[in-house]
Structures are given as structure tokens and as C-alpha cells.
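Engineer: Letter by letter, the chains look like this.
Protein chains: 10
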Amino acid sequence: MLFHVEMTVNIPHDIPKEEVERMKVLEREQAHELQRTGQWRHLWRIAGRFANVSIFDVASPQALHDILSNLPLFPFMEIKVMPLCRHPSSIRDDDT
Amino acid sequence: MLFHVEMTVNIPHDIPKEEVERMKVLEREQAHELQRTGQWRHLWRIAGRFANVSIFDVASPQALHDILSNLPLFPFMEIKVMPLCRHPSSIRDDDT
Amino acid sequence: MLFHVEMTVNIPHDIPKEEVERMKVLEREQAHELQRTGQWRHLWRIAGRFANVSIFDVASPQALHDILSNLPLFPFMEIKVMPLCRHPSSIRDDDT
Amino acid sequence: MLFHVEMTVNIPHDIPKEEVERMKVLEREQAHELQRTGQWRHLWRIAGRFANVSIFDVASPQALHDILSNLPLFPFMEIKVMPLCRHPSSIRDDDT
Amino acid sequence: MLFHVEMTVNIPHDIPKEEVERMKVLEREQAHELQRTGQWRHLWRIAGRFANVSIFDVASPQALHDILSNLPLFPFMEIKVMPLCRHPSSIRDDDT
Amino acid sequence: MLFHVEMTVNIPHDIPKEEVERMKVLEREQAHELQRTGQWRHLWRIAGRFANVSIFDVASPQALHDILSNLPLFPFMEIKVMPLCRHPSSIRDDDT
Amino acid sequence: MLFHVEMTVNIPHDIPKEEVERMKVLEREQAHELQRTGQWRHLWRIAGRFANVSIFDVASPQALHDILSNLPLFPFMEIKVMPLCRHPSSIRDDDT
Amino acid sequence: MLFHVEMTVNIPHDIPKEEVERMKVLEREQAHELQRTGQWRHLWRIAGRFANVSIFDVASPQALHDILSNLPLFPFMEIKVMPLCRHPSSIRDDDT
Amino acid sequence: MLFHVEMTVNIPHDIPKEEVERMKVLEREQAHELQRTGQWRHLWRIAGRFANVSIFDVASPQALHDILSNLPLFPFMEIKVMPLCRHPSSIRDDDT
Amino acid sequence: MLFHVEMTVNIPHDIPKEEVERMKVLEREQAHELQRTGQWRHLWRIAGRFANVSIFDVASPQALHDILSNLPLFPFMEIKVMPLCRHPSSIRDDDT
Chain A
134 MLFHVEMTVN IPHDIPKEEV ERMKVLEREQ AHELQRTGQW RHLWRIAGRF ANVSIFDVAS
194 PQALHDILSN LPLFPFMEIK VMPLCRHPSS IRDDDT
Chain B
134 MLFHVEMTVN IPHDIPKEEV ERMKVLEREQ AHELQRTGQW RHLWRIAGRF ANVSIFDVAS
194 PQALHDILSN LPLFPFMEIK VMPLCRHPSS IRDDDT
Chain C
134 MLFHVEMTVN IPHDIPKEEV ERMKVLEREQ AHELQRTGQW RHLWRIAGRF ANVSIFDVAS
194 PQALHDILSN LPLFPFMEIK VMPLCRHPSS IRDDDT
Chain D
134 MLFHVEMTVN IPHDIPKEEV ERMKVLEREQ AHELQRTGQW RHLWRIAGRF ANVSIFDVAS
194 PQALHDILSN LPLFPFMEIK VMPLCRHPSS IRDDDT
Chain E
134 MLFHVEMTVN IPHDIPKEEV ERMKVLEREQ AHELQRTGQW RHLWRIAGRF ANVSIFDVAS
194 PQALHDILSN LPLFPFMEIK VMPLCRHPSS IRDDDT
Chain F
134 MLFHVEMTVN IPHDIPKEEV ERMKVLEREQ AHELQRTGQW RHLWRIAGRF ANVSIFDVAS
194 PQALHDILSN LPLFPFMEIK VMPLCRHPSS IRDDDT
Chain G
134 MLFHVEMTVN IPHDIPKEEV ERMKVLEREQ AHELQRTGQW RHLWRIAGRF ANVSIFDVAS
194 PQALHDILSN LPLFPFMEIK VMPLCRHPSS IRDDDT
Chain H
134 MLFHVEMTVN IPHDIPKEEV ERMKVLEREQ AHELQRTGQW RHLWRIAGRF ANVSIFDVAS
194 PQALHDILSN LPLFPFMEIK VMPLCRHPSS IRDDDT
Chain I
134 MLFHVEMTVN IPHDIPKEEV ERMKVLEREQ AHELQRTGQW RHLWRIAGRF ANVSIFDVAS
194 PQALHDILSN LPLFPFMEIK VMPLCRHPSS IRDDDT
Chain J
134 MLFHVEMTVN IPHDIPKEEV ERMKVLEREQ AHELQRTGQW RHLWRIAGRF ANVSIFDVAS
194 PQALHDILSN LPLFPFMEIK VMPLCRHPSS IRDDDT
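Protein chains in written order, with our numbering: chain A, 134 to 229; chain B, 134 to 229; chain C, 134 to 229; chain D, 134 to 229; chain E, 134 to 229; chain F, 134 to 229; chain G, 134 to 229; chain H, 134 to 229; chain I, 134 to 229; chain J, 134 to 229.
Please keep in mind that the hints were generated in silico from the structure rather than gathered at the bench.
Careful, some of the hints might be misleading.
[To be verified] Derived pair list, reagent style DSBU-like, types lysine-lysine, alpha-carbon separation capped at 30 Å:
#, chain 1, residue 1, chain 2, residue 2
1, B, Lys-150, H, Lys-213
2, C, Lys-150, B, Lys-157
3, D, Lys-213, D, Lys-157
4, A, Lys-150, J, Lys-157
5, H, Lys-157, B, Lys-150
6, A, Lys-150, D, Lys-213
7, F, Lys-150, D, Lys-213
8, I, Lys-213, J, Lys-150
9, A, Lys-213, A, Lys-150
10, J, Lys-213, J, Lys-150
11, I, Lys-213, F, Lys-150
12, B, Lys-157, C, Lys-157
Based on the provided sequences and hints, a complete structural model is requested.
Structural biologist: Here it is in C-alpha cells:
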């Protein structure tokens, strides 16, 4: 099932740069892997902000939470979740 | 280019039902046509609300405005627009 | 799966009382039926407001939306949805 | 009587990890004990957030405050409380 | 037990004046009676607004809801409820 | 004259505990003294929050400000003030 | 004593123009009279809005409420009140 | 001097279409004239909304208010005003 | 021309007290000087908050910004600015 | 295409002054260069705030994001973006 997730990242300025870089590298690896498995179906940058809009396709809210709460930057993210369903006017096969 | 659009519909209760139905039919036809041309790339219902999340792929903000402002339900919508761009961690070809 | 739903009802004052009563009776019947099937797992009144907090146990966001959007008072409700999952500190069998 | 409580946790990043772990262990123990006594009736994780939704069944607002303000993570929580009562459409014996 | 209630009244301008007056008279009678029984312990006007701050002393959230939802102006009120308890620094006998 | 004051306390976690305790002791002493003089007429804890609702009976806004700004925890409080007056439906002698 | 009052006017469009004009004339007369008595000490238009910022010099919150609630446009105003006092850096005699 | 103005238009649906059209024609004429005199320096549509962002170059807040409050759609606009001044990093002659 | 300015001060608790005192002394001196020149026309404390409401009479938004941004506490202030103009119901000579 | 960008800067007080100055110098250089290329079309200071309103003329949301996210002060900015298009009442050649 589909969930719309908006993540905004706020990293405190007094965290050492190497630590931030290390987290970002891990974050990217996890994002790559989750896109490959199809669970992180879409991922866009919101122009002008350190934030993204994502569509997740997961088996349950539990699966969604496990993914999000294990992201390295999770402690520094504000996250908004909205469950999605098929729109009656949609004609796309893959919007479900 | 891509725009993230969230539309929430509030139709005043004193508009005749036939008029509402007529607008919804037209709205659906336009949504179908715009999906076929590829401009309305994604369209999802937000569960529990008379609202949708959409991704538009258009040539300019002007093209986006022309599409949205010509929707039959435009006068009754609250619309939020966010420009999107490619996320550095995305591996999908079609998230651009 | 579980969803937390908060519904606040605002019925315009110029809808005839009989019509409002008719909708409330239907609303109650649907609530009873959905509680019997187990989909509407919990239902509480928020003290001092024409509003409720509910826990739904449904198969998908689509099932949740179909239930909510078919409630007779849906056009007059503001609805907030949050997907829930098991809390690591919970010891109850039925909070999943 | 029943209270709906939403707790969102924000732990400052410069608190030592061992201290955080120690607080979380204590928090879990208290949550277990309060569930066993029946005062913490329901406890759910909100998917995607370090937050929970809880239903407390306590003798008074004073009892609720004593419980919440003694949680080890209380100083780092934003807490919203809503008193609940029986919904006229509820058919469950235990939603009171 | 004590509840802090803030009520803001918004009466639509197209309700006939006699009807509004009739509701206000009933409202006042109920307020008088509830003050006499001790359930509506304090009642103040907020300067400059058609609103009040009240302290209710009732047996339960259910009792509070029954009182508030039966006020004639309830359909036109925005109501905020906060449960209160004794403050550790209070020295008054009647702030409990 | 009466003022409704809601104080929410947020003490930064890196202030030494002894300093916090010292401030709380002083705060309590001042609260006691101001209750004895009748200026701090009511004082309630808001259940579940490090916050209070208070009713002050003072000679002027200046007197109110002098009291509040001299509280030891004032630098860490968010304070909301509303002037109150007699409600036309009140029957209590001491709600003025 | 001084109160800062911001009034924003929203007149429903279906009130007859003559009725609106009649109210505005009365409103102006009362404003003139209250300025002459010194109770409405300052009155400014907020540029670009049907709103004003005012400073009232009255004997009590009760006096303030009586003035504001008797303004002809009171039912159509959103009003925010803040009690003022002398600023320690002020050197003006008449800012008290 | 320069003012940043954001105008959002909300026309009630029960105003006759001809009346709305009449107002829009007048609005456009005034906008044209004010652009010719240089007072309405910039005018952009916000994509996806019945709203605009404008830069006014006027002699005073009074002049700004006189212009805005005489627009035919003024009664149906929400207007936000921010005074602007030269940015120290600007190199444009006409951003003053 | 007149501007309404609301300044709320939030000084981080880890700035040394002497530094804060030094800034406050400078702030007061500048406030005195600007009141003497007539640019800072009114200055009131908002009761219960470390905040003020001020009326400035300056030649332009640029002049206003130069004054505000040179205040010693400017880095720690949240500032809201509203341009004012004469109210049609004002009878005071000096509210312009 | 045009984007309206509002940037508000909040620099933590514990960043060394030289570091802040260094960032500001770089920020200015980039602003100058981007104005020269025509991509940063307008740049105004919002009076009374450490904030600006800007109009960017760029090829895509991606180009906008690349510019903004490379500004030295980007980590300390809150940024709001709105896509703009031509207003039907505009008569200026350069508002497109």
C-alpha cells in the first residue's frame, strides 16, 4: 500500500561535519537499496529546501515505520505521513 | 519539469447536486486527458479526505497555472504547489 | 492494520433539522455495523466537542477511505488520519 | 475515566547515548507496569514519528498528571491531552 | 474534578434576532442553575470578545460533555477543554 | 482587576539541576506570598504539562507585569495574558 | 490603564449596503465621542486591510469590554487585546 | 517607497457571475492605470492560486491603502503587506 | 510615516550576564535618543512578556530598517512590522 | 521562468563572528554574480527583519535548487518558494 511521506531535515550545526557526511552516505545507501526493492517508490527533492517528498509502497504502517525510524538522519527529521489510495480519476496502472 | 500539487476540495452545500455532478464529470474528463498527454503524471487520493496529491510534468509555471485554473472545481479548491527536482539519492529514471 | 482517525463535525445551520436527524440515524447504523465487523475498533467522544477519536482496523488505506467517504456526515467533517503500528513498549495483544 | 494522550519525544542530541538508553529502559518499565495495572489502557506508535497515541484510564486528572510527569522522558515530551467519554454510537463495553 | 473550558461564540448573522435572544435567555438560565449546583465553579467574560473562561467541577468527562453539549449555544461555540489538577504551589483549599 | 494567565515552562536541559531546584524553591515562595496577599487568586496545574493556569487580581497591567517578570522562572516561560471581566451570567460574588 | 486592541472587520457580503452604511456612521460617532473623552487614545488604520490598531485608556477590563462590545460592528470583528504598561526605556510622559 | 503585497481573492459563490465579471473588468482597468503611473511596479500571478504578488512604489502607507482599498475586489481579498528596502547585496538600480 | 512594530526578545541563556547587561544599556540609550528625535514615537511594554509595542515615525522603510537592525538586541528579536495610516474616524492631530 | 523566494536567516549565536563574516562575504559575492547573469532578477530586504524577498529567473526548479542550496547561509535559512507566472492584468514586458 502507498504512503506519502514528506521529510524535512534539520541537522544541528554543532555536529561534526565528518559525522554528518558519514550519516548522509549511509542514508543514500539505504535509499538506494529501498528503491531497488520497490518499497521507496518515488523520491523527489523539494526545490529550495533540505527536504524530500517520497512515495512508499509497503506492506503495512509497521513496515513504513521500521524503514523510516532506521534512516540514519531520522533523529533530525520532521516527518509527515499521509496514507494514499487509488484516485477514481486515475488511469495509471502504477498509481495503486 | 515537475510540480507537487495538493488539492483539497470544499464544495458549498447549497450548490445543487446536479451542478456538482456536472462539474465532477468534466473534472474527470480533463484529468483523464491530462494524464494521457503526460502532464498530470501521478494522481492519488489522500485517504479519508476529499483531496488529492498530484505530480504534474509541465513546461512552465504558466502551463501549470493554465491547467489548474481551468479545472471545473478550481473555485472550490485550496491548492498548494511545490516545485520538485531530482533527488541526489534517486535511482529512478522517471523521477525527473 | 490500524489507523487513528479524528473526526470533527460542522453541520451548516441552514440544513433542515429533519435532514440532519436522518443523516445522524444513518451514521449511527453504519457505525454499529462497522463496529460489529471489527473494522471500527474503538470510538470515543471528545468531551466538549462534536467530534470523535476512532481506531480503525482495516485491510488498506483504500478500505479506510471507502468507509469514511461513505459516512453520511462525511461532507461536513474535518478528518485527520494517522497510521498506527505496534509500540515496542506495549504488552497488550490487541494493540496491533 | 479516559484520557487521550499524544506524546511526541524530542531528545536533544547532546545528551549522552547511555543516559538516553537508561531513560528509555526506565520508561519502558513504567509503561509495562502501568499497562498491567490497567491505567495505561492502550499504547500505539504513530508510524514515522518518535511519538505515541495512548488511552489512559485513571481516577482523575491528578492521577493522569502524576503518571505523565513521572515518566523519565517527560522533560523532553510535547504532550496533548483530551478527555474522552462514551460515544452515543459505540457498542463496545470497554470504550468507557 | 476540575476542567478549564474556553468557549468562543460565533452566531451566524442570518439567524433571526428573536431566536438568538431566546437561546441566550435559556443559556443564562442553565448557567445560573449549574453555578448553583457547584458544577460551573467559575465564569468570566474575556474582555473584548464574545467568549468566556470557565472552571467546571464535575464527576467525569462524561458529565462535562453532557453539560456543554446541552447548552443552547453549543452548536455555535468553539470549545477548548483542559483538565486541571492541584498545583504543588497552591495554598488555596478550593483550587482542587 | 482580573487577568487570566497561562504559563508554560521550558527549562533548557543544560542548566545545572541545583540551579533549577534553587529557582523552583524561590518560585514557590513567591507564589505562596502572592497568594497570601490575594494577588495570585487562583493557581492550577494543567494536567500532563509543565504549565499552569492562573487568575491574578491586581491593581493594573503594570502590577501584573512586575509580578510576572520577577518570577525566577520568567526567562524560561511562555506567557499568555487575557484581561477578564464579570460575565453577565455569573452569580458568584467573587468572580469580579 | 492602557490596552492595545487590534480590530479586523469582516462584514458578510449579503448584509444590505444601507445597513452597513448605517452601522459605519454609528461606529464613527462612537469613535469620535470616545476619543473626545480620552478613552480611545489612539486610532490608526493598518495599511491595506479593513482593520485598525487602537490604544485604549480605560479604568478596567470591564470598561474596555463595555466599549468594544457596544460598537455597532462588534459582531463582525475579530478582536485581539493586550494589556500594556510603561516601558522602562520610555521617556514620554503620555505613554502611561 | 516599496511595499510587497500578496493578495488572495475569495469571491463567495453566490455573487452573480455578471457582477463578478463587472468587478474584474474594473479591477483590470485600475491595475493597468496604476502600472502606467508606476505605482504598481510589478504584478505576478502565483501559479495554481487566484492570488498575486505585487510590488508597489508609492509615496506613503496612506497612498498604498488608498490604492488597495479602492480596488473593486478589495472586500473579497486577504492582503498581506511588507515594507521593503534596498538589500545591501543588490546591484540593480531599480530595486529601490 | 508611521509603522507599528512589535518586538519580542529571546536571549539565549548561555550568553554571559554582563554581555546581556551591556547590550541592554546600549539598547536603552538608543531608545532614548530615538525618542528624543521623534522617530520612536511610542514605546510600551506588553504586560507579562519580554516584548514591546512601538510606533515609529520615520522617512521610509529604509530608515525603519536602519534603526531596527542597529539595535543591540536585534539578533535576538522576533519583529513584526505593519505600516499605518490615518484612520478616517480619528480626530487626533498626532495620529498621522 | 520565475520563482518568488522568501529567505529568513537565523544564525546560531555560538558561531564565531569571523565565520559569520566570511559566509556573508561569500554570500554577497554569489548574489552579485547571480544578479549579473540575470538569474537573481530582484532582491529586496524586508524592513525590520534579517530576511529578503527575491525573484529568480531560472531554467528549471533544478536550477533554482542548485543556486539556493549552494548559498553559504543556506543551512541557516528558512526558505519559501512560490512559482510565478504572467498575470493577465500585467502590462510590463519584464514581468514574465
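Engineer: Could you tell me which of the hints above the structure violates, numbers in ascending order?
Structural biologist: 1, 6 and 11
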